[in-house]
Structures are given as C-alpha cells and as structure tokens.
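Undergrad: Residues per chain are reported as follows:
There are 2 protein chains.
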Amino acid sequence: MMLAEIITIGDEILIGQVVDTNSAWMAKELNAIGIKVKQITSVSDDEDHIIEALTAAEKRARIILITGGLGPTKDDITKFTLARYFNMGMRRDEATLEHVTNFFKRYNRPMIESNIRQADVPDGCTVILNQNGTAPCMWFGHGDNIIVSMPGVPFEMMYLMEEEILPRLKKAFDLPFIYHKTILTANIGESFLAQELAGVEDSLPPSIKLAYLPKLGQVRLRLSASGTDEEQLKKEVDAYAQQLVAKVKPFVVVEDDIALEKAILNIMKERKLTLSTAESCTGGYIAHLITQHPGCSSVYLGGAVAYAYELKESILGVKASTLSEFGAVSEQTVTEMALGAIAHFNTDYSVAVSGIAGPDGGTDDKPVGTVWIAVATRKGVTAKVFSFGNRRLQNIERSAIAALTMILNELNHDAD
Amino acid sequence: MMLAEIITIGDEILIGQVVDTNSAWMAKELNAIGIKVKQITSVSDDEDHIIEALTAAEKRARIILITGGLGPTKDDITKFTLARYFNMGMRRDEATLEHVTNFFKRYNRPMIESNIRQADVPDGCTVILNQNGTAPCMWFGHGDNIIVSMPGVPFEMMYLMEEEILPRLKKAFDLPFIYHKTILTANIGESFLAQELAGVEDSLPPSIKLAYLPKLGQVRLRLSASGTDEEQLKKEVDAYAQQLVAKVKPFVVVEDDIALEKAILNIMKERKLTLSTAESCTGGYIAHLITQHPGCSSVYLGGAVAYAYELKESILGVKASTLSEFGAVSEQTVTEMALGAIAHFNTDYSVAVSGIAGPDGGTDDKPVGTVWIAVATRKGVTAKVFSFGNRRLQNIERSAIAALTMILNELNHDAD
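Line by line, the protein sequences give chains A and B.
The numbering used here puts the first sequence at residues 79 to 494.
The numbering used here puts the second sequence at residues 79 to 494.
It is worth saying that the hints were derived from the structure and are not from the lab.
One or more hints might be untrue.
Identical chains blur together in the list; that is why a pair holds if it fits in one copy or across any two.
Simulated crosslink set (SDA-like; lysine to any residue; CA at most 25 Å straight-line) [said to hold, decoys possible]: (1) 327 with 95; (2) 137 with 127; (3) 397 with 110; (4) 347 with 321; (5) 114 with 129; (6) 347 with 400; (7) 183 with 295; (8) 444 with 126; (9) 249 with 409; (10) 137 with 163; (11) 137 with 175; (12) 325 with 296; (13) 183 with 276; (14) 457 with 371; (15) 152 with 140; (16) 106 with 370; (17) 325 with 182; (18) 462 with 233; (19) 293 with 95; (20) 106 with 405; (21) 347 with 469; (22) 457 with 392; (23) 137 with 266; (24) 152 with 325.
Working from the sequences, and respecting the hints, build out all of it.
TA: Put into structure tokens, the structure is as follows:
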C-alpha cells in the first residue's frame, strides 16, 4: 500500500485560531486514488521542528504533502527550510515571476519587493504554477520519495491538488484501488450495533476492516478494503455490507457515505417533492446544510429564520394566542410553524424547529436544550420534543440532525 | 514555556471522513492557561504507530493529550496500547463500572459484556469519570510527564477538559501567561500590510511575535507573547497593537479576535439597532453565523431564505416584474430584497444576498460566482457586485464574509 503523510505548517493551527480542514480534504482525495495517509502532523513555523517532522515522515511514507508557510511575510519560512533540508540554494524562477507580475497587473496593484521574492524557490525543485495565488507550489524528488510543498490557503491548495498533484501522483506510482462502504444508522448505541453485527464481523476476511464512528445519536459503519481488481473488491465489500444492513435494518438511515440532507434531497428529487424550513433556535443552520448541495433548488424552495415572536407570526402565521398561551418552545407553536411553512411557502414537506439553544433562556419547566421539532406534509404533522443539554453550538447541531432524521423517517414511512 | 502535544487516534481522520475540530479547541484552551502546543499528530488505530507517536511526543513535550480509540468496539485499542506502553496490566475500575451501570439504567437500556469492559483500565492510571459517556478518562504520570487519554466524542472531551483536565494541569504546573492580540483587516493584501507595518515589526522585542493570517479577502494580524506578569504583558503587547492599527487604520475592521458577525452584534446591541437577513445563494449561512452567538436575539430578529422566485416575492415583496426583467441575480432584485426585509421584518438594518453559487446556473453575462449584496438601513440602501469564482462552498463563505464586512462598514460610516 502506498503511504503518504500530510504536514501542516503554521502557528494558527497550534494555538487553535484555525481548524485544519485542509488535511481531511487532502486525505479523502488521496484515498480516492489509492494512497493511504499514515499520519497528519501539524507543526509551527519553526525551522528545526519542520525538519524533524519531515525527517520522521520520510521514514514512514513515500509521499509527503506539506501545506502552509509560503506567504510573503517574515513568519513564513517553509521554502527556506526546505532548501536547507535538501541542501539546495535558492534561485529566482522566471515563470513564477512573470505569473506574479501578471497577477498584480490584473488586479491593478503595485508590486513590492516581497512579492518579487515569491518567485524565489530552492534550486532543485520543480515549480508548479499556482493559478489562484502568488506562492508557487514546489515538487521535490528525494531518492524514492516525493515531497510537495503547497500554500495553506484552502482554495489555492484544492486547485493545485485537483489539477496538478493528484494527476502527477497517479502517473508516478502504480496505485491500488481503495474502497470504503459506509452505512449510516440512528437510534442505536455503538455497543448494541457491535453485538448485533458480531457474527458478520467475525466472518470478515482480514483484508476487510469494519469501523464504528459514533456522532450525536448516529453511528456510521464503515467497511474498508484495498486491492487491484476494482470490480471484485466492490462486489465483495458490498456483499458484506448487505449482511450488516440485514442484521440492523430498522436502524439503517442511509446506505451511503452521504450527509443526511443529501439523502433527503436525493429521495425528494426522485419523487418530485418540495421542502421548506421554519427555523427558530437552529437559526438557518438546517437551510445552510441543505443549500450546501448543488442542485438543491429543485427540492428546496426556501424558508424562514423566525427568531422573534413577530416574525413567527408574520412570516409563518403562528397565532399570537398560541405564543402567549404555550410559549415559543412548545408542541403547539412548532406545529403551527410547520403548517405555516407548508401553507405560506407552498411545499410538500416542511420542517420546523423551536428550542432553547442556551446558554440563557432556560426555565425549570423548559431547561436549556429543550427543543421541539415538527415535520409537516400535505397529510399531517408529527412533532417531537428533545432534550439536548446545555451547549449552544451542540444544541444547534443536534437539533438539525434530529430534524433531518425526522424528515427521512417521514419519507421512508411515506414510501411504505 | 510549558509544552503540550495532542495525539488524535482514529482512521476516520486519516481517510478524511471527519475533520479534526477537537485539536483546535483543545489548543485554544491550553493556550488560555499558559500551555503552548508544540505538535498535533493524527495516527490510525494501530498499536505500533500509536506507541511511536507517543514516544516521540514525550521527547518534545511534558503534557500529552490523547483523544479517541476508547469505544466499546474491536477497532478501538487505545487503552490496551497505553497499558503496553506503560508496561501495566489491566484492572476493572469499580467506580467506572457503577457509573456505566447507572448510565444504562438511566436510559433504560440493557447492558452487555462490551459495556462492562468499558470499566477496564490500565492498572497504574488515575481514572476520571466521564459524565457524558461510558468511556473513562485516564490520567498517567510518567516521570516528569503527564499523559491523558480522553474519548474523541467532542462534547465528552470538552466537558472533561473544562471540568477536570485543565484545572488539574493548572495545579500541577506553575504556568506563565500567554497573550495574543488579534487585529482583523480587510481589503488589503498581506504583502502590502507587511510593507506598511515593517517599521513597527522591526521594532518588536524578540519576545513578541507578529503573524499574518490571510483568509478570503481578510488578513488577521496576531501579536503573541508570554510572561509571568499578566498586566505588564498585556500593556506592552497592546501598545504595539496600537502602533500597528495606527499604520493601517483604514483597513482595520475589528481590533479583537472575534468573528465579524460578533463584532456587528456588539456594535448593534450597544446602539440598540436590529438586523434581519434576506438570503438567496448563501441559503441561511449568514443567519447561522449570527445565531451561533449567545444573546444575538436582542439584535437579530430573523430573516428569509428565499431560494425560489415565489418566496422572493411572497416573503420579501420583490416585484415579479423586477425578477423577470433583471433576473434574480441583479442590483434591482437584491435592493428590493434588502428593502423588503426592512419593511416586512421591521428592523433597522438588513442584508440581502443573491448570486450564482454554482456549479451550474452561470451564463456568459453572469458567470458562476457572480454575487449581488445589498445592505439597507432606514436611510437607504447600498448594493455591490462581487465575482467569487466557481466553487460552491467557497462562494457561500466569501459572500457571507463580504456581506458582513458591508454591514460593518455601514455601521462605521453611520457612526462618523
């Protein structure tokens, strides 16, 4: 199996100012072309530490992808460190200089000395032009290993990976095929799943690995294997996946590694159904999850973020008497919100959420984390209450997952 | 300076199925009590590799925090690996067993063998009860070093860190004070900032470090220092921060490490102003950013996610003739959306966004990435067009940042 490592350079990750989203994206892309990531390492902009991490990584893997530390400012030292590591001098790359010059011309900005120095690279590297920025991407051969240094700005890195690095890696190595099959379950604990699945798990050949990934009331089951015969591999893994599904059928939400809302969009698109949202405590998060996906507009028409009482009344038609009698976080209000969305936005389905996200606003009756969710269809409405604890962001996320699961259940029920 | 390292264990991060958000959160918390994170390492559920990572980490840092690999299923091996690493046997921890038993009783679920085994721990560790789950937290003294193993489920880890680990670390070591001061700038490139700030940067004492963090049209400037005298340290760093601000005043958005939307909420709350949103291509993302923040409801009343033409008309009062004559992505439509939000939601400010997020829907005239944004107040409306390229998620994020920056500019302008 061809192994890679990812090294991210920059203090911002180590002081927690920035979440490293690059590595997961890169790992997924590498996996898709048959390369396994052995380790991800985040280090600071410190020359000795970068060299230590690189030395260690080269002992474990043949491909090292480095991001970050290529900006024009003094704190960025990656390329000088690489020159030291490979024992190379620096040269000015003419193609990069021309690219940088054009870049500034296009945006009508003056160029200064530090911009020109962006064209300086270790003299033994292959330069790959960065179409979206001024920091060049640098490719080094080192014995049998390949080391690539890329900017840490996500969209510059993504473009370089897709257009340049992944195609070159595919050409450089004879790569196997890696296959993951994921099954999403809900409403069952990890240990009970494992008990139900023990028979199948014990029968798995050593080449196929089963993992359990729990998250906020859901557990993802993942079967992983690699090989050279793509057809055969898929067939074998999928057959075991079907055995797993058969054992825990009532808890299976989606037999695919897609997000809940994507599964909803797929089903509703096929059935030509439309959806709207009426959100209070989730504050637009459900709408955001849905609208992340290309093509969602054929299903999702829109919705309301009705934080204030007045907006619950004016946009969704919740009765003032309902709000005053039962409060915003109640079965009555969330039901009227869902029915109001169906009526006002003219959709086949709607989902409404009203709860106390916290940290304030809780009462003895309705503590922080109390959330009412309703799903309405043209036929009727189902409402449920949840109790999610006292962390605001987690309440928002758990509410969204519960709401999406309720829509999926309704769709599955509707199909029976 | 007291150094720590974070090791995350689990294949899900290395195959890119999960983004590691735990590490950034932990790093921020550690920093806040005067501990610097030297390295973050992600490794798979592999015994030898975990031991290699732990051995290397112990050479660089005195505190090692490990997350993940503590579930009840076969793929989770962290505690057995730790027992091997520390050369310890396993024992059944009675307090944990009681906790696990009560946990299952409370949720009315049967307990199975694998749940009971959650109470098994390496016999030389101190067990810290995990109030939110069944996997115990384990604390090991190893010579002068401290190694802690925690579950990877974010809210279990966060609770343990806040309630147990951070207080114990503060007690175990005499920690200095770490101070970061962040200044957010917009509409100026990193290299030009550096040129303007060169004089101040050169005058910084070696104990104060300046970093530039660019992201989607913004650059964060961060001054960092550590010391024992908190007052003195803050005074010194803040004085340099003021020198930086003075040099690039027109580009400074916020003099604090807070999100744009939080800066808006703070200003509007103080001035008793209200805000609503009217989103098309951002699909609720701006509303979500705002409603992440506790206390937002005194400023933010709500908004519309108007994806379909019909909803732009019915919720926001955009004229059908405007949509047919100019299209949804136009100055006219976005202006009517913003004014409609002010009128229908009765707020002092509103922001409206309409664009082509992609990947489909672009034309020669209006390619993917074309986004119109309008900010309305009781006095009038300002609209601008942007061109953000062809990545959907990035378009959504850049649109939101541009919209929030326009609100802040309007607020700053209003104050003049």
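Undergrad: Take the hints in turn and mark each one as holding or not.
TA: Consistency of the hints with the structure:
Within a single copy, residue 327 and residue 95 get their C-alpha atoms only as close as 42 Å, which misses the 25 Å cut-off; across copies the closest is 23 Å, which meets it. Proximity of residue 137 and residue 127 under a CA criterion of 25 Å is satisfied in both settings, with 16 Å inside one chain copy and 12 Å between copies. Taking the closest pair of Cα atoms, residue 397 and residue 110 never come within 25 Å of each other, the shortest separation being 52 Å inside a single copy and 47 Å across copies. Within a single copy, residue 347 and residue 321 get their C-alpha atoms no closer than 28 Å, and across copies no closer than 57 Å, so neither meets the 25 Å cut-off.
Proximity of residue 114 to residue 129 under the C-alpha cut-off of 25 Å is found in both arrangements, the shortest distances being 22 Å within a copy and 20 Å between copies. Taking the shortest Cα distances, residue 347 and residue 400 never come within 25 Å of each other, neither inside one copy (34 Å) nor across copies (29 Å). In this assembly of identical chains, residue 183 and residue 295 lie within 25 Å of each other by CA distance solely across copies; the values are 18 Å between and 53 Å within a copy. Taking CA atoms no more than 25 Å apart as the test, residue 444 paired with residue 126 passes in neither setting, with 55 Å inside one copy and 49 Å between copies.
Proximity of residue 249 and residue 409 under a CA criterion of 25 Å is satisfied in neither setting, with 59 Å inside one chain copy and 47 Å between copies. Taking the shortest Cα distances, residue 137 and residue 163 sit within 25 Å of each other both inside one copy (15 Å) and across copies (22 Å). Taking the closest pair of Cα atoms, residue 137 and residue 175 never come within 25 Å of each other, the shortest separation being 34 Å inside a single copy and 42 Å across copies. In this homomeric assembly, residue 325 and residue 296 come within 25 Å of each other (Cα to Cα) only inside a single copy, at 17 Å, whereas the closest approach across copies is 51 Å.
In the homo-oligomer, the alpha carbons of residue 183 and residue 276 lie at most 25 Å apart only across protomers (24 Å), although the nearest pairing inside one protomer, at 64 Å, exceeds that limit. In this assembly of identical chains, the alpha carbons of residue 457 and residue 371 never lie at most 25 Å apart, being 27 Å within a copy and 36 Å across copies at closest. When the C-alpha separation of residue 152 and residue 140 is checked against a cutoff of 25 Å, the pair qualifies neither within a copy, at 30 Å, nor between copies, at 29 Å. Taking the shortest alpha-carbon separations for residue 106 and residue 370, only the intra-copy value of 18 Å comes in at or below 25 Å, while the best inter-copy value is 28 Å.
When the C-alpha separation of residue 325 and residue 182 is checked against a cutoff of 25 Å, the pair qualifies only between copies, where the shortest distance is 23 Å, while the shortest distance within a copy is 61 Å. Proximity of residue 462 to residue 233 under the C-alpha cut-off of 25 Å is restricted to the inter-copy arrangement: shortest distance 23 Å between copies versus 41 Å within a copy. In the homo-oligomer, the alpha carbons of residue 293 and residue 95 lie at most 25 Å apart both inside one protomer (24 Å) and across protomers (12 Å), since each shortest distance falls under that limit. Taking CA atoms no more than 25 Å apart as the test, residue 106 paired with residue 405 passes in neither setting, with 45 Å inside one copy and 38 Å between copies.
Only between protomers do residue 347 and residue 469 lie at most 25 Å apart by alpha-carbon distance; the minimum there is 23 Å, versus 34 Å within a single protomer. Proximity of residue 457 and residue 392 under a CA criterion of 25 Å is satisfied in both settings, with 24 Å inside one chain copy and 24 Å between copies. Neither within a single protomer nor between protomers do residue 137 and residue 266 lie at most 25 Å apart by alpha-carbon distance, with minima of 42 Å and 42 Å respectively. For the homomeric pair residue 152 and residue 325, the shortest alpha-carbon distance between copies (18 Å) is at most 25 Å, but the shortest distance inside one copy (58 Å) is not.
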